[in-house]
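Student: Chains D, W and X are the protein sequences, given in the same order.
The first sequence begins at 1 in the working numbering and counts up one residue at a time.
The second sequence begins at 1 in the working numbering and counts up one residue at a time.
The third sequence begins at 1 in the working numbering and counts up one residue at a time.
Derived by calculation from the structure, the hints in this document are not laboratory data.
The beta-carbon is built from N, C-alpha and C at its ideal position, and this holds for glycine as well.
There's no promise every hint is true.
Claimed, not checked - Stretch-level coverage of chain D by chain W, calculated; a stretch enters the list once three of its residues show a Cβ under 8 Å from a Cβ in chain W:
{"id": "1", "segment": "99-105"}
{"id": "2", "segment": "117-127"}
{"id": "3", "segment": "146-153"}
What the hints assert, rightly or not - Okay, derived cross-link-like pairs now, EDC-like style, lysine to aspartate or glutamate, Cα gap no bigger than 20 Å in a straight line:
{"id": "4", "chain 1": "W", "residue 1": "K591", "chain 2": "D", "residue 2": "D92"}
{"id": "5", "chain 1": "W", "residue 1": "K538", "chain 2": "W", "residue 2": "E516"}
{"id": "6", "chain 1": "X", "residue 1": "K521", "chain 2": "X", "residue 2": "E41"}
{"id": "7", "chain 1": "D", "residue 1": "K74", "chain 2": "D", "residue 2": "E8"}
{"id": "8", "chain 1": "X", "residue 1": "K607", "chain 2": "D", "residue 2": "E8"}
{"id": "9", "chain 1": "W", "residue 1": "K98", "chain 2": "D", "residue 2": "D92"}
To be verified - Simulated coverage check for chain W against chain X, where a stretch passes if three residues somewhere in it have a Cβ under 8 Å from a Cβ of chain X:
{"id": "10", "segment": "531-545"}
{"id": "11", "segment": "590-601"}
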Amino acid sequence: METLRKFEKVWEIIDQNGRDSSRLIPILQAVQAEYRYLPEEILTFIATSVGISPARVFGVATFYSLFTLKPKGKYHIRVCNGTACHVKRSMDLHNALQKKLNLRDEKDTTDDMLFTLETVNCLGACGLAPAMVVNEEVYGQLTPERANEIIDDIINAEAHNEQDTHRL
Amino acid sequence: MNKTLIGFNKIKTDYIAWENAVPHRVLVCAGTGCLVNGSMKVYEEFVKTIKEANLNVIVELKDEEGDVFVSKTGCQGFCQIGPLVTILPEGIFYTRVKPKDVKDIVETTIKKGDILHRLLYIEPNMLKVCKETSEIPFYQKQRRFVLGNCGMTDPEDIREYIARDGYVSAARACKDMSPEDICRTILASGIRGRGGGGFLTGKKWDMARQQPGDKKYIICNGDEGDPGAFMDMGIMEGNPHSIIEGMIIASRAIHADEGYIYVRAEYPLAVKRIRKAIKDAYTLGILGKRILSSDHTFNLQVMEGAGAFVCGEETALIASIEGKRGMPSPKPPFPSQSGLWGKPTVINNVETLSTIPLILSVGVNKFREMGTENSPGTKTFAITGHVLNTGLIEMPLGSTLRDMIYGVAGGITSDDGKPMADGFKAAQIGGPSGGCLTKEHLDLPIDFDSVKEAGAMVGSGGLVIMNKNTCIVSVARFFMQFTQSESCGKCVLCREGTKQMLVLLDDIIEGRATEETLKILEDLATAVQKGSLCGLGKTAPNPVLSTLNNFRDEYEAHVKYKYCPTGKCKALTKFTIDENLCKGCMLCAKKCPVNAITGERKQVHRIDPIICIRCGACIESCTFGAIKGEKL
Amino acid sequence: MNENDFLIVDNKEIPIEGEQNLLELIRKAKIDLPTFCYHSELSVYGACRLCMVYVEGMGLVPACSTPPSPSMNVKTNTEDIRKMRKIIVELLLANHSQSCPTCQKSTTCQLQALARRLGITEIRFKNQSKNIPVDDSSPSIVRDPNKCVLCGDCVRICSEVQSVGAIDFAHRGANTMVIPSFGKDLDKVECVNCGQCARICPTGALTPKSEVDEVWKVIHDPNKMVVAQIAPAVRVALGEIFGMEPGVTTTGQTAAALRAIGFNRVFDTSFTADLTVIEESNEFIKRIQKNEFIPQFTSCCPAWVKFVEQYYPEFVHNLSSCRSPQQMFGALSKEILAAQTGKKREDIVVVSIMPCTAKKFEAKRPEFIHDGVRDVDHVITTQELGRMIEEAGLNFRELDPESFNLPFGFKTGAGVIFGNSGGVSEAVLRYVTEKLTGEKRESYEFTSTRGENGIREIKISLAGKEFSLATVSGLGNARQVLEKIKSGQAFYDFVEVMACPGGCVGGAGQPVFTNPVVRQKRTKGIYENDRMLELHKSQDNPYINELYTSFLGEVGGHKAHELLHTGYKSRKRIADEGMSLSSSDGEQTIEVNVCFGTGCFLKGAQKLLRDILVHIDTEQLGDKVSVSASFCFEMCEKGPVIRVGDKVIEGCTLEKAALAIEEERQKVLGDKTVNSMQ
Ligand SMILES: Cc1cc2nc3c(=O)[nH]c(=O)nc-3n(C[C@H](O)[C@H](O)[C@H](O)COP(=O)(O)O)c2cc1C
Ligand code: SF4
Ligand code: SF4
Ligand code: SF4
Ligand code: SF4
Ligand code: SF4
Ligand code: SF4
Ligand code: SF4
Ligand code: SF4
Ligand code: FES
Ligand code: FES
Ligand code: FES
Ligand code: FES
């Protein structure tokens, strides 16, 4: 029934937006909030429902950087590379994390789907540069070491969780 | 006097009466910066601790009960030293407040009225301890006009906005002023758009006003994509009602009945606060049908961006609201003729709109007292880079760079944050679309026209200060990289041109360039500037052209002598190991990705310059500082 | 604007006469400003920046999107502009697979031409071209993204003119591409193969798919009898490839060239067009009498047919059941030639020469394949024939004219005007008027069907009855007409649709043209042809009449039906999978597919779906049934529609669904018992 619930959610989203093609971006935002990414079949579905061509929906979904057509990791790390952070060497953070998580520019998600690493242009926390955000949580005044620690904490917490579920 | 104003008056008198009845108020900064620093915990700690101290704590003014009123505010601009806490009525200004400090504050300051010196701000240059903001140079040298309420009021409480005379200007505009009156007044104030273009707001409105048709739109541009600028965020988070009020006035001036606030999605807090503000305004009849007891109708909604810098451009923003790819389209037709859904549309920046109610309330003359003849008023800047105090500031237009760097920002620092006398090299103003100013511009009045003449742009107000150790070519490359990756890809010159400019800059930085490279770069930059479709492409070459202009030697050093004067370009640096310092720890050899370093344990190591790819990894690994980069 | 308003272009006064933009005025001044992204039939896009001109007081502006105003002083060749144009072309070439000698568009490519025109001899920028795979999945179009300059012309023609939107921009900045949705192959999306995108593409990024090699192969095969049929529109355009004026008729040279190349017979598709007129007119008269499936839609344009199948399945039965002249020809010629020559059907190879890319698709439709042999084996375009003639080294213009083989080479003017929008209607009117009134008419022209408008309405009164016709070209216009018919705003008895603006003369297989004047000249050539022929009405074609008496029998009769008619069915819009909602692990799974298209949703699909899922839960069928949702079975009027196994259930309720699932389960069980008994 889980899928049905989600599917009905898509319907609800499309309906709330009046089946209106001009509401495409809010629809995609809401759908992504529900699924964490934009599955192809859902995009086709949206296209049919609001009466535009799938190619156009695809075009919109790939234009905006916050939309993703691939599932992202459970933890979505975005290192700020806005001007303020850049001058405070934010790319060092990024490189350190890339190394730690064994990622490359072309491969931004870990195989276990735990982390996705990206950059972002300014989080509005410039006073605390360099900054990064993990899911909703923003961290400021970072060093590569501190960033690594944050990731370690998550990895540890995840390991615990897993143990817990096993014990259960 | 009409119904709304009576209602407003009641809200105002109640609020002030209750406010006066509560002896203390604690303002905890809850802007993005301070939140990141944990100010929410500080806030909660206050509520808890005060309660535990057997004082009556309130978080919302309801009646006259309460000993301490604790509220959250928007950003106060000085996030670097946050979380910030202000204690009223004394105005004591505490910095870097941690939850563990709260107990002390409650005991010492609230209960006894004494000052906790360890939490006060110490002015680093003079080592002066400052009790309140008026003593801190960072604030002293500013003129906080638009940001006046930011950090001093609770942005989520519409009653406080009204208590500070909010929505009075909007009510006047809707009832006592004709659209022509409003346009005339705004034109007379001389305010120019704060979003980058510097276009006369009054003129823009008047053009839209004169367009025929009964459906028009007003859009607030809160996309703020300039990386490293967060002025508009400060206003959206700290004083959202001022934007709504500005939009109401604009809607009345052009006869629009519908509006959008387009907010950058990376600003979740701003979105939340604006949504709340809109909801509250509807509740009080400030938005909707026949607002503020006038015959004017105005509906407002929020649209969140989805991550595209180019959507700050007007026509792209409109496309985005219409559910399309955010690709700009040629102007003419201008949005004021044919904008959203083909209807006349006015698009204004957040700061512009937020200034409008103030212009009506202080009057044109008072407003014009600030700023210069052709650039009246104040302007906010996000000052970052190699300065002691980074943050969000507001200055009268016409202030000098010197005022800002040395007056407000506390002077230049080295890379590791230490003061660096005489360290100023350049200031990039206007973000990726701006240009760079140098020493000779330190006393240039910063206003729309003078900055443009100097080959840069006030832009939206991003201000990056760079010290002498900054490689100017790398800076240009950074901005180029940004515009290149944000190009929408529609027009050839911008899509392909910025890509090739980046390739050329990489050639320079990585030692592959010839003198021909500079010429091609300059030709290409000029073509992209002159021929691109929208402002993004037209301004993308600015950082390159202005640095080429101001720092030609530095480019030539890279190209002709394969030498980076600041030693920042690793590919132009020769890495050597100092025999006297090397301890033979082998760390560097392990780090080297191409095995260019050889040596036995406890023996001096050597780098083979032929194998070395100059990645710089070794230099960072050596804990003895034995590895040096020098001119090739 | 005033009558005497003018502006100055390169020191010359040019009067302003209602032009929308500077570009039109500059062209009026006989200056060929380079452009990639401006077409008068499309919206202004402003992306290529090649049209930049200098206007005093304004600086550099794009001519295509700057409205003219009096006393502007325009310069089109300043140093800045020349520099910029070069840079633009160099930038494009630096991101381009530069393979001109082997490129389909070589010699007609605007990028290549511009590089030459601007004297570009070196490219100062590093090559950034990425070598993306070429998409040749479609039977009609080859898409080579490495040659795309992102002018967006194809995107706009496909969506604005054709209202299909099969290809669009995707990604951003330097990664921008023009692709079908989700980067799928073009034959997996809703493309109707009209080829208009390829026609308008200034480079080799979209080209008609070539079958030249296959044709040479059969020509070289001594066992094959290779038969050519030439479509009406080809004859007025082929000459352009050899430097002749558009509209000049080249049938004689074409027949000669085809024989020289090695074709065994050379026939004319106009012959089967005459046949189409007779079959289709009679079908029309029958429908009028029965008052069934009115309006009747023409079905000779395969792009239009696919369009109806995809987007308006409720109208498929309105399509005439007549095959297109190309397919009639294929079926008929194979049948008759086989009988005449004793050759096997598979050794008779029919090659069509068409102005069209959709015909390539049509020939491959399963309806037109019998016993594994296609009725039409290969379809080459006018361009491709041009290339074969060039390859054979024939001096086309100098060839002595020859005539077509009989009988399929003989046609009336009615069969020729098929090449033009309005032609089918006119040809049908030439037949129907005489048939209904029973009188011979002196004149044959119905000029009201002619003209440049994309939608033309004709009212005609015949035998005391008013008839209303529409001739439409361009699928966007067709969509408008269909919507009007659907909503009852318009009523027609007969609707002719040609997918290409202007009809087949403007087909995508024709020699490349961008100026509409070329198409107009071809149209003129077509009517000229009609006038020059001795007969003008299909019913007067003696060979057609002979064909009926000796072979086909009655018009619309049994034999005619077998060879000349077909049926069309709604096709699922997109070759997609449904969205899985619950899946069973069981071996024998019953697939239940619930339509969640708009139509069915409004008719309660959502509740039905939930009920079905609950039903499966309570009946504990979870391991036997898997449920998925798909998006429109194209039977929206009868929603909610579900499919259980192979069975489609219209107007479905939970009871019907439960019953169907049970039936299917019994069947599966039955199969199992049968299996286990064996
Ligand atoms: C690429 C680009 C990005 C822009 N981004 C913004 C932005 O983030 N916020 C903004 O207010 N204006 C931005 N602008 C300027 C707007 O297009 C527009 O001029 C402005 O919103 C008008 O408001 P104003 O007259 O109040 O300044 C941008 C312009 C360009 C070309
Ligand atoms: S200048 Fe750049 S961002 Fe603007 S339209 Fe052209 S490609 Fe897009
Ligand atoms: S890391 Fe430093 S000290 Fe150690 S071997 Fe290398 S150069 Fe010598
Ligand atoms: S700079 Fe890089 S490549 Fe060269 S020696 Fe150091 S680590 Fe090795
Ligand atoms: S598209 Fe044009 S320029 Fe490109 S290879 Fe083909 S002919 Fe040459
Ligand atoms: S034009 Fe030049 S490059 Fe092209 S085939 Fe001829 S010789 Fe070769
Ligand atoms: S062939 Fe026609 S339908 Fe297909 S993509 Fe091209 S223009 Fe669109
Ligand atoms: S495929 Fe052709 S028409 Fe389409 S955008 Fe590319 S170059 Fe232009
Ligand atoms: S109008 Fe003619 S050329 Fe165009 S698609 Fe239809 S049949 Fe082909
Ligand atoms: S630049 Fe990183 S938070 Fe603003
Ligand atoms: S968020 Fe507190 S000062 Fe900026
Ligand atoms: S024709 Fe004007 S920009 Fe392309
Ligand atoms: S919506 Fe078309 S069949 Fe269901």
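Student: CA of K521/X to CA of E41/X, is that 20 Å or under?
Tutor: holds (17 Å)
Student: Please work out if K591/W and D92/D have their alpha carbons no farther apart than 20 Å.
Tutor: Holds - the C-alpha atoms of D92/D and K591/W are around 16 Å apart, at most 20 Å.
Student: Are the Cα positions of K607/X and E8/D separated by 20 Å at most?
Tutor: holds (10 Å)
Student: Report holds or violated for chain W covering the segment 117-127 of chain D, Cβ cut-off 8 Å, minimum 3 residues.
Tutor: holds (count 8)
Student: Are the Cα positions of K98/W and D92/D separated by 20 Å at most?
Tutor: violated (28 Å)
Student: If you look at each residue in the segment 146-153 of chain D, do at least three have a Cβ nearer than 8 Å to any Cβ of chain W?
Tutor: violated (count 0)
Student: Just to make sure I understand the rule, a stretch counts as covered if three or more of its residues have a C-beta closer than 8 Å to a C-beta of the chain. Does the segment 531-545 of chain W meet that for chain X?
Tutor: holds (count 3)
Student: Taken at face value, is the distance from the CA of E516/W to the CA of K538/W at most 20 Å?
Tutor: violated (23 Å)
Student: Between K74/D and E8/D, is the straight-line Cα distance small enough, at 20 Å or below?
Tutor: violated (24 Å)
Student: Are there three or more residues in the segment 99-105 of chain D whose C-beta lies within less than 8 Å of some C-beta in chain W?
Tutor: violated (count 0)
Student: Given that the segment 590-601 of chain W was listed as covered by chain X, double-check it with a C-beta distance under 8 Å for 3 or more residues.
Tutor: violated (count 0)
When held up to the earlier numbered hints, the structure conflicts with 1, 3, 5, 7, 9, 11 and fits the remainder.
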